[in-house]
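Each chain, written out:
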Amino acid sequence: MSEFIWVGLPYIAFTFLVIGSIVRYTVSERTWTTKSSEFLEKKQLKIAGPLFHGALFFVFLGHVGGVLVPQEVTEFFGVSEHQYHAMALYIGGLAGIALVVGFFLLMRRRFFSRYMKVNTSTMDVWLFLFLGLTICTGFAATMLNADGAFNYREYIGPWFRSLLYWHPQPALMEHIPVIFKVHMLSWMIVCIIFPFTRLVHCLSIPFNYLRRSPVVYRKR
Amino acid sequence: MKIKAQISMVMNLDKCIGCHTCSITCKNTWTNREGAEYMYFNNVETKPGIGYPRNWEDQNRWKGGWVLKNGKLELATGSKASRLLKLFYHPQQPELKDYFEPWTYDYETLIHSKRKNNQPVARPRSLITKERMEVEWGPNWEDDLAGGDTARADINLKNIGQEVALDFHDIFMKYLPRLCNHCLNPACVAACPSGAMYKRDEDGVVLVNQDVCRGWRHCVPACPYKKVYYNWKTNKAEKCVFCYPRLENGLPMICADTCVGRMRYAGVLLYDMDRVQAAAATPNKEDIYENVLDILLDPHDPAVIAAAREEGISENWIKAAQESPVYKMVKEWKIALPLHAEYRTVPMVWYVPPMSPILHQRAAGVNFPESEEMRIPVAYLSQLLAAGNEAVIRRVLQTLIDLRRFMQKQTRGESTDEFKERYDTDQLMAMYRLLGVAKYRERFRIPAGAPLSREEKKEAQGCAGFNTCGGCHA
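Protein sequence lines correspond, in order, to chains A and B.
FYI, the numbering used here numbers position 188 of the first sequence as 188, with every residue one higher than the one before it.
FYI, the numbering used here numbers position 57 of the second sequence as 57, with every residue one higher than the one before it.
Don't read these hints as lab results, they were simulated from the structure.
Heads up, simulated DSSO-like pairs for lysine-lysine below, C-alpha to C-alpha not over 27 Å straight-line:
| id | chain 1 | residue 1 | chain 2 | residue 2 |
| --- | --- | --- | --- | --- |
| 1 | A | Lys42 | B | Lys233 |
| 2 | A | Lys43 | B | Lys233 |
| 3 | B | Lys63 | B | Lys97 |
| 4 | A | Lys46 | B | Lys63 |
| 5 | B | Lys331 | B | Lys319 |
| 6 | B | Lys72 | B | Lys285 |
| 7 | A | Lys117 | B | Lys130 |
| 8 | B | Lys285 | B | Lys334 |
| 9 | B | Lys233 | B | Lys97 |
| 10 | B | Lys80 | A | Lys46 |
| 11 | B | Lys420 | B | Lys334 |
| 12 | B | Lys86 | A | Lys117 |
| 13 | B | Lys86 | A | Lys42 |
| 14 | B | Lys233 | A | Lys46 |
| 15 | B | Lys420 | B | Lys409 |
| 16 | B | Lys69 | B | Lys80 |
| 17 | B | Lys233 | A | Lys117 |
| 18 | B | Lys439 | B | Lys331 |
| 19 | B | Lys319 | B | Lys457 |
| 20 | A | Lys42 | B | Lys80 |
| 21 | A | Lys43 | B | Lys86 |
| 22 | A | Lys46 | B | Lys86 |
| 23 | B | Lys63 | A | Lys43 |
| 24 | B | Lys72 | B | Lys2 |
| 25 | B | Lys409 | B | Lys439 |
| 26 | B | Lys15 | B | Lys409 |
| 27 | B | Lys130 | B | Lys233 |
| 28 | B | Lys97 | A | Lys46 |
| 29 | B | Lys2 | B | Lys457 |
| 30 | B | Lys80 | B | Lys63 |
| 31 | A | Lys219 | B | Lys458 |
| 32 | B | Lys130 | A | Lys42 |
| 33 | B | Lys420 | B | Lys331 |
| 34 | A | Lys219 | B | Lys2 |
| 35 | A | Lys117 | B | Lys97 |
| 36 | A | Lys42 | A | Lys117 |
| 37 | B | Lys97 | A | Lys42 |
| 38 | B | Lys80 | A | Lys43 |
Using the sequences and the hints, build the whole thing.
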C-alpha cells in the first residue's frame, strides 16, 4: 500500500498531468479556456481574483524553493535550517493566509451570487473540493509545524526529487505527520483531475504576448 | 507600399428606417444559441441615446481603442505589462448587466392553462439563470427615444455642451446601425493575449480563432465599439464575422442583403498597409479621417494595380475594387464617414450622414433646408462621424442637398447649369443611381471565392472544410 501511495500514485498523477494535458490540447483545444466569470460577477472578483492568483504565485515559488532545491544547496549559500524555516514560516504563512482568504472569497462568490451557477460545472465542484483540501492542508501543515519540529526538507523534498530521478524512496514518507500525508494525497488527486478541469489555464500564461506585434494578419 | 484588400461596408443613414431587420437576420444566423443570447453582432441604436452596451461611447470609463502617448499609439487600456496584470481582474470589462439580461416568456402557461376567470399570463424568465425575472432593460430599450431620460445621457450631447436642448418641438433622432468595423488598426486584435484574434490576410475580416482563444477577455474592453462579446457558456470571445462564408461565395453580409431600406453597400477597398499606423497616429483627431482617405488607393491607377498583383491580389479582386460602390462613396465622392475616427482603430464601416427635417422655428419660408436648418445638429453629427470636425459634416450634407436640388430641376426639365461649376453632372447622376435607386447588383460587389492557387485548390479537394486531425491541413 505504501509503495502504491508514494511510488505508484505520484507517477500516475504526473502521467495524467502531462499526457492528459497534451491529449486534451490536441483533441479538444476548443474547450481550453480560463472559464473567466468576470462577465457574470465583477464586484467580488475585484479583490478575490487578484488576491488568490497573486498569493498562488508566491506559494508556488515557495514550493519550488522548498521542494526542488535541496537543503544542502541553501546551506552552502549560508542559510541555516533555522533561518530557512523562519523565512518559510513568515513569508509562506503570509502568502498562505492570502491564498486561503482568496480561495474562500472566491468560493463565496461562486456559490452565493446570482449568475455564477451557470459557470460552475460538476467537474468544477470536484476541483474546488480537492484544490480547497490541498490549500487548507498545506496551510494547516505550515501552521501546525510552526516550531519546525518536522523538517520536511529532509523527507518530502528528497522523496519528491527521488521520483524525478526515477529512484523512488517511499520509505522517507512513511513516518511524516498525517497533515502532510493528506496534503500529498490531495495534490496528487488535483494533478490527476487537472487535464479535465479549468485548471489547464495555468499552462496558458501568455508570455508570447510580450513579444508579439500588435496587429496580426493571418493567411489560411 | 504594401497593398492589402479589405471588404468594407457603407451605410446610407439617410435611408435607415430603424426596422431592425438587419439585427434579426443577423441574430437568427449567428447568435441564436445558449451563451450568445445577449449578443447582437449587429444592432440598431436610436441616437441620441446611451446605446448597447450602455454608454459604450464613454471611453473615460471603458478605455477602448488607442491613445497617443508621446506621438505613439498605445492601447487606452494600458501598456502590455500592465494589461497582463489585468488577466485576473479587468477593471474595464463590461458585465452582463451593462448589456441586458436576456429573457424568454413562460409561453407554456398560455398553452397548458386550465379554464380560469382571468387570462393566463406568460411571465418573463431569465435565459441565464432560467429563473423568473423582471425586465428592466433590453438591447433596444431606447428605440425611437423610448428610453426617455437616457437620451440626455448621450456622451456626444455632453461633448457639444448645452447648445442642444431636447426641446419637444425640435427634438431630433436618428438611427445608427452598428456592427464590427473590421478595423485596419484593430484594438481587440492588439489586446488579445493569446493571439487568437487576427485580420484575415485576403479580405481583412477580423476573426476570433475559437480554438486558440483562452477567454482572457481583453478584447472586450479594448474594442471601443464594444463589438467583441464574451460567451458565458463556451467562455470564449465571439464577434461579427462579416458573414465570411457568404463573402467567400460572392454574397453580401446577411445584414446588408436583407436591409429593407436598401441602405447598405459592400465592396472592396485597396489600402497601403505600411501607412495605416501613421494615419491612425495623426496628432489632431480631426485630421484622422482625411489621412485615412489617403491610404485608400485608387484601383484604376496602373502603379497600384501592379503593386496589388505583386502582393498576390487576384484579378477578380482588383476588378471588384475598381467597381466597388464603397470606393466611390468613401473616396471618390467623399460622402461616407467613419464612426468615431478619434478611437484611432481606422474602422472600415462607413456612414453617409442623414438629412433631417427642417427645424420648427425655421419651417416657414424654407424649401430646401441648408445643413444648419436641419434638426439634427451638425455639431452632434460631427461628434459621431467626424471626430468633432463640423466642416466635414457640412460639406457632406451640402452635397446631399445639392444632389436633391439637381434632381428636382432635372426632373422638372429646368436648367441645371448652376451645378456644372461645382459638380460633374455625370457624377451627380451616378450618385443618384447608387444612393436613390440602389439596385442590388450595384450596392454589392463582392468577389467570389478566396483567391486560392491551383495547388491549394487541389489540396482542399475532398476536405469538406475539415482541417482538424484527419483532414488535409493537419
